[in-house]
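Undergrad: Just so you know, the sequences run in chain order L and Y.
One gets our numbering by counting positions in the first sequence from 1 and adding 607 to each.
One gets our numbering by counting positions in the second sequence from 1 and adding 607 to each.
Honestly, I wouldn't trust all of these hints.
No copy is singled out in the list; a pair is fine if it fits within one copy or between any two copies.
With a cut-off of at most 20 Å between alpha-carbon atoms, the simulated EDC-like pairs for lysine to aspartate or glutamate come out as follows [claimed, not checked]:
1. Lys-786 with Glu-862
2. Lys-796 with Asp-718
3. Lys-712 with Asp-667
4. Lys-697 with Glu-835
5. Lys-697 with Glu-843
6. Lys-697 with Glu-685
7. Lys-914 with Asp-721
8. Lys-914 with Asp-823
9. Lys-696 with Glu-759
10. Lys-764 with Glu-695
11. Lys-764 with Glu-937
12. Lys-800 with Glu-695
13. Lys-831 with Glu-656
14. Lys-696 with Asp-778
15. Lys-865 with Asp-882
Derived by calculation from the structure, the hints in this document are not laboratory data.
Residues per chain, in single letters:
There are 2 protein chains.
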Amino acid sequence: MNDTFLKACRGEKTEYTPIWIMRQAGRYLPQYQKVRGKVDFLTLCKTPELAAEVTIQPIDILKVDAAILFSDILIPVEAMGMDLEFHEKKGPVLSPALRDEGTVKKLSVPDPEDKMKFVMDTIRLLRKELAGRVPLIGFSGAPFTTATYMIEGSTSKNFLNTKRMIFQSPDLYRSLMDKITATVTEYLKAQIKAGAQAVQLFDTWGGIFSPQDFRDYALSYVKKVITELKTWQHSEKIPPVPIIYFVGETAGLLEEIKTSGADVHGIDWRINLDDAIKRIGSNAIVQGNLDPIALFLPQNKIEQRVKDILGRASSAQGHIFNLGHGVLPETPPDNVIALVEMVHNYSRK
Amino acid sequence: MNDTFLKACRGEKTEYTPIWIMRQAGRYLPQYQKVRGKVDFLTLCKTPELAAEVTIQPIDILKVDAAILFSDILIPVEAMGMDLEFHEKKGPVLSPALRDEGTVKKLSVPDPEDKMKFVMDTIRLLRKELAGRVPLIGFSGAPFTTATYMIEGSTSKNFLNTKRMIFQSPDLYRSLMDKITATVTEYLKAQIKAGAQAVQLFDTWGGIFSPQDFRDYALSYVKKVITELKTWQHSEKIPPVPIIYFVGETAGLLEEIKTSGADVHGIDWRINLDDAIKRIGSNAIVQGNLDPIALFLPQNKIEQRVKDILGRASSAQGHIFNLGHGVLPETPPDNVIALVEMVHNYSRK
């Protein structure tokens, strides 16, 4: 078994730097497009055989060191009771958008093995099909990022409705966040029980806050999820599963982020990795941080950036190579394949 | 004359902390809406009497310490030869979007007093109408941010086309940036000659880069503009006009930004102001950095944030209070009025 990724998550020495890529199972791969051509996005997420198939594609094609469950961060939101649709252009639409006590009260904290059984089934199937080739990462949206979609009803430019609820109706926001936090916690427990060997919390929109607001309105809930997961693993005598916390736009927030309790911190590309490591501390275990659009460079220039990032990562306790955000649909697959090779080769030296 | 703003820009002692607000002349003000109801946005920009009227509104209503020319950062792009339209929902649309040598070659470096005379006329009129009440700030988009609109044709989510040109056709990007840089430089010289008493360069999208890419593809051109402006002022014996450089999402880039040559650095809200000052250096003169959506808080909470920012600013050589980005159209005007009062009152103590 290739356990390089898990070793790096634990800060143990590895032969080379492991790499996986956010959204590695996705639209830039013709093989994914082929499967996706047959069913809509949500059906793909909800059909374990198909979700497992596209999860495994990048392991075969790219030779990455970890698989990540193919799913969507809004799956638990649908399970909580909101209507979820994906529009080709507009992206996800949740309705009715949450703005008042009535709609928040109607939400439930779902039993994952009931309402999201297809996810756990996908994980169980994947562990069988992967047969130990690489570890499987589960994931969930972090509570705040999940809340933004519920409050805005879709993606947003400036998150005015979300911040307005936080600033003008703090009690309503807290009651919503308590439900989301409980849902995310139970969801990740179920994923771990089903076989996820690491989990990542995506706080894609955490970077829209000032440091103080980030701590109060996003990080505090992440801490609850992580504390609860660690306590539960300990009491159930489950071997510790590494927890990765990814925030979009980390640069101003690292002094807060480093207190999350996560084992690994995902870093976006807007900051030099050595600078991020210095601010987290020398025992930092980090994941990142190539600009996704750098994959449009000629390969000899990609090479320079890979070497630069590997060099900057040398001060960390552990490093998992990744992009600073998801791979874009327009990305040339050959460059992604080349990236994985480069990371493996140059980090061995 | 109230020269508190100019004194702060020069790092001189002031009686209180001056404040102005990005987009202070804008849609959140009913008085602005009234003028705007009569003409479309571009006509408003191009009619000196009306542009001057809305420029002065926030001086009367808010009691801010500086006026900023009402205009748009895309005015010089139209003058360079592109078609510019403003759509109510989609925002600005420039056509044809620049993607090849042919369209870049067609662009000219316009004579500002010919193609953008209405801007200089507005400035001349404003200096007369303001009659020294407060200083007048001129502005331009920074070369990179200007380029993003020209290459994308509109606003963008991930700036794929822009970065693709930078990464795949660096010579084409350079030839485009040389033209924009010359245009911005001449445009700001003309504004200063017409009477602008400070100028701000808006690099709203500079934060989409890694630090190295920011230096190579955005900052290097800003440095050219600033060096050229300073040399010109010196040789023409024009009294120095403070230059403010504002970048959106500054947190990962401050070590680069501080080398810009600007007199004042604009800081967004995603970083604590004292942290930003520490990274720039103790002689830092900074502008910022309240989250624009904090203006939706109850006033007693706005007060806490004002005091917090004023406290954090105390380590700087100079501080101009501002938001970390433009004020939003939905903002309650009363809270903006209260903000200005608070900044004035609390900074006196």
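Undergrad: Hint by hint, say whether it matches the structure.
TA: Going down the list of hints, with the structure as the test:
| no. | hint | in the structure |
| --- | --- | --- |
| 1 | Lys-786 with Glu-862 | neither (27 Å within a copy, 41 Å between copies) |
| 2 | Lys-796 with Asp-718 | within (11 Å within a copy, 65 Å between copies) |
| 3 | Lys-712 with Asp-667 | neither (45 Å within a copy, 45 Å between copies) |
| 4 | Lys-697 with Glu-835 | neither (35 Å within a copy, 44 Å between copies) |
| 5 | Lys-697 with Glu-843 | neither (43 Å within a copy, 53 Å between copies) |
| 6 | Lys-697 with Glu-685 | within (18 Å within a copy, 30 Å between copies) |
| 7 | Lys-914 with Asp-721 | neither (46 Å within a copy, 50 Å between copies) |
| 8 | Lys-914 with Asp-823 | between (37 Å within a copy, 18 Å between copies) |
| 9 | Lys-696 with Glu-759 | both (17 Å within a copy, 17 Å between copies) |
| 10 | Lys-764 with Glu-695 | both (18 Å within a copy, 16 Å between copies) |
| 11 | Lys-764 with Glu-937 | between (22 Å within a copy, 14 Å between copies) |
| 12 | Lys-800 with Glu-695 | neither (34 Å within a copy, 51 Å between copies) |
| 13 | Lys-831 with Glu-656 | neither (33 Å within a copy, 57 Å between copies) |
| 14 | Lys-696 with Asp-778 | neither (34 Å within a copy, 33 Å between copies) |
| 15 | Lys-865 with Asp-882 | both (13 Å within a copy, 16 Å between copies) |
The structure does not agree with the numbered hints 1, 3, 4, 5, 7, 12, 13 and 14 stated previously, though it agrees with the rest.
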